[in-house]
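When you get a sec, could you build the whole thing from the sequences and use the hints?
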Amino acid sequence: MTRIMKTTTATLALCVAGAAALAQEATLTIESWRSEDQAIWDDVLIPAFEAQHPEIDVQFTPTSPTEYNAALNARLDGGTGGDLITCRPFDGSLALYQRGQLSDISDLDGLDNFPDFAKAAWQTDDGSATFCVPMASVIHGFIYNAEAFEELGLEEPETVEDFFGVLDAIQEDGTYTPLAIGSADQWEAATMAYTNIGPTYWNGEEGRQALLDGSAEFTDPQFVKPFEVMQRWNNYMGRAYQAQGYTDSQNLFTLGRAAIYPAGSWEIGGFNQQAFFEMGAFPPPVEAAGDTCYISDHTDIGIGMNAASDAPEAARTFLEWVASAEFAELYTNQLPGFFSLSNAQFDVEDPLAQEMISWRQECESTIRVAHQILSRGEPNTWNNMWGVSSNVFNEASTPQEAAQTLQAGLESWYEPQQD
Amino acid sequence: MSDPKTDKPEGVPTRPAGRRKRRRAAGAHIFVFLAPALLIYTVFSIYPLIESLRLSLFDGLEDGTAVWAGLDNYATLLFDPNWATQFWRAFWNNLVLFFIHMVVQNPLGLLLAALLSLAPRFGSAYRTLIFVPTLLSVVIVGFIWELILSPLWGVSETLLGTIGLAWLYQPWLGLESSALATVSLISVWQYVGIPMMLIYAALLSIPDELIDAARVDGLGGWSIFWKVKLPLILPTLGIVAILTYIGNFTVSFDLIYSIQGSLGAPNFSTDVMGTLLFRTFFGQQLQVGDTHMGATIASMMFFIILVGVTIYLALVQRRLQRYEM
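Those protein sequence lines, which keep their order, are chains X and U. Residue 87 in this note's numbering is what sits at position 87 of the first sequence, and the numbering runs on without skipping anything. Residue 666 in this note's numbering is what sits at position 247 of the second sequence, and the numbering runs on without skipping anything.
Restraint ranges, calculated between C-beta atoms of paired labels, are given here: (1) X:246 <-> U:638: 57 to 67 Å; (2) U:739 <-> X:255: 55 to 65 Å; (3) X:413 <-> U:485: 15 to 25 Å; (4) U:740 <-> X:246: 51 to 61 Å.
I should point out that these hints are in silico values taken from the structure, not numbers from a laboratory. Heads up, the beta-carbon is just placed ideally off N, CA and C, and yes, glycines get one too.
The following block contains the structure:
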């Protein structure tokens with residue numbers, strides 16, 4: 001009798017435990033534009049999380065980058081958005097927060113692991129509420145074909161004149177296209193050219209803050225000079241670069257037909273797979289030897305939670321994990337070129353990524369100049385920057401005209417720039 | 420051809436008395452048969468149209484709610500310098516696109532149809548081949564042409580080289596001066612099959628007796644085409660023109676978006692109403708999507724199409740003489 005009782009109690013207990021486990025079980029879906037990271041999430045990141053939290057099931061469901069904003073907005077409005085939302089920096093995510101679609105996660109303990117500049121990309125203007133955990137930044141610079149450099153006896157340029165010396169030498173030899181960049185897709189001109197070499201001239205954060213508070217204008221020499229340098233680039237770009245798009249430039253470089261690729265660090269993963277030669281990287285050259293170097297270390301990707309999530313507790317647990325040192329190390333090493341913004345110390349394995357992240361020590365960091373606040377109105381400064389930067393490449397605008405277009409657009413709606 | 424004298428005019432007393440009753444009974448049937456189409460059309464076409472017109476009269480606030488704005492959005496679009504330049508540039512590019520289609524695509528379609536109708540058996544393979552691109556996805560067409568015209572991997576320069584014209588080669592898609600024309604011609608290549616098929620069908624429906632009669636009267640092939648066939652297919656040419664007009668506002672977007680992106684590169688030279696609408700409505704990188712301004716642009720497109728079609732119906736369609744054959 002007692003045995004039966006015991007068995008029954010045990011069975012009952014098991015059932016209750018089972019029910020409790022079932023009740024705790026939650027499924028989280030992650031919205032993202034990084035469809036190329038699917039394998040890394042499925043094979044490494046999610047299993048690492050689920051090993052610690054077996055009761056939470058996580059799915060990574062990305063959308064293609066060009067569709068992401070539109071698709072995400074539609075899904076959030078329709079109430080079918082995922083639990084965890086990969087956040088674009090600044091206004092895109094801020095708008096989602098203001099509409100009540102992203103939760104305020106300011107009280108998340110893990111946020112203490114991040115420096116203020118990293119969190120600023122996902123905070124309200126006054127910094128009172130944080131709505132996404134910073135995941136990674138991308139660093140701009142130049143990736144080069146090390147074998148081509150060796151073959152031609154070239155060294156990494158330090159100053160701008162060195163840089164053009166190197167380009168001349170490659171041009172003279174004729175085997176390689178000196179610079180792999182085109183203007184057909186426009187955004188590379190703004191991203192990999194203007195905001196890559198620009199911080200050197202406007203002293204990074206100093207110049208960016210001056211634009212924000214209205215004490216500097218785009219027509220000031222420090223903002224025109226990068227356009228003047230870019231104008232010199234087009235002698236070294238591929239023939240008919242006007243119709244050369246982003247993927248064309250990538251292929252030109254990885255096929256070994258171009259020597260220098262004005263880059264964002266996000267290329268490292270792809271280049272490691274595609275290119276069959278040794279690669280190196282150097283930061284944007286400075287005007288005079290010994291000047292401080294400035295790099296664009298752009299807060300690019302964060303993750304927040306859908307305010308309408310069915311499993312807010314599970315989503316918070318996941319965000320705490322994303323903010324942990326473990327995630328920082330896993331992510332940075334799985335996705336070389338996406339650098340965790342966490343203060344955690346860890347080793348970067350990929351040599352190219354190691355080189356680029358080391359610039360954080362040597363150079364001053366800033367973010368892309370148009371991204372915070374300045375692209376809030378119409379005309380949109382970042383859209384304008386795409387246009388004028390490629391116009392400078394195409395010789396459709398002079399550097400002065402390009403700067404005037406940016407300034408006129410900004411002045412038309414941004415108060416601090418109006419007096 | 421029927422003789423108008425044999426048609427009974429309205430209200431002739433010989434009409435049977437039961438006719439009116441039968442007509443009423445038929446009315447119920449008509450409604451039943453129309454209902455499914457009407458319902459689908461209302462739900463998927465009329466309702467969204469009205470909803471989009473309604474959206475354009477509101478303004479969005481930061482927290483996602485909307486307030487009544489009357490015609491403010493229209494005033495902004497047409498008179499605010501930032502919006503007006505974009506709007507009129509896009510409108511102008513659409514007109515250029517329409518013009519290129521009217522002078523290249525439709526005459527070419529007419530020519531191909533005329534040639535095919537001369538030799539229906541021999542032409543059937545060509546008819547299929549010319550029509551196939553219209554069935555391809557715009558993304559594929561855009562990608563193929565981008566590759567063909569690419570300065571790096573494209574065959575166009577080599578092909579020009581084989582006939583000694585390599586010096587003619589330019590990165591056409593990347594130059595402000597030629598990008599819009601190039602995109603238009605790609606679209607012509609893709610869609611020339613549609614006017615060709617419509618006109619071809621119209622040409623085939625012309626009875627042989629008419630042609631024979633014209634020939635007996637001493638007309639040559641050229642005169643037969645101009646004096647007999649062309650007047651008979653004019654209504655079809657009218658339909659083709661109006662389809663081109665509507666298509667150039669709606670269809671042009673896909674191709675331009677897939678080749679030149681939503682900013683109509685280079686330097687907005689291929690920016691049309693569709694791309695302007697897309698980036699305004701859905702946003703573009705740091706530009707946050709504005710459904711209300713987007714709906715305003717969409718409504719303007721609707722009005723432009725409406726005005727164009729109305730003018731056509733009032734001035735052209737009614738004057739076209741139709742012949743029964």
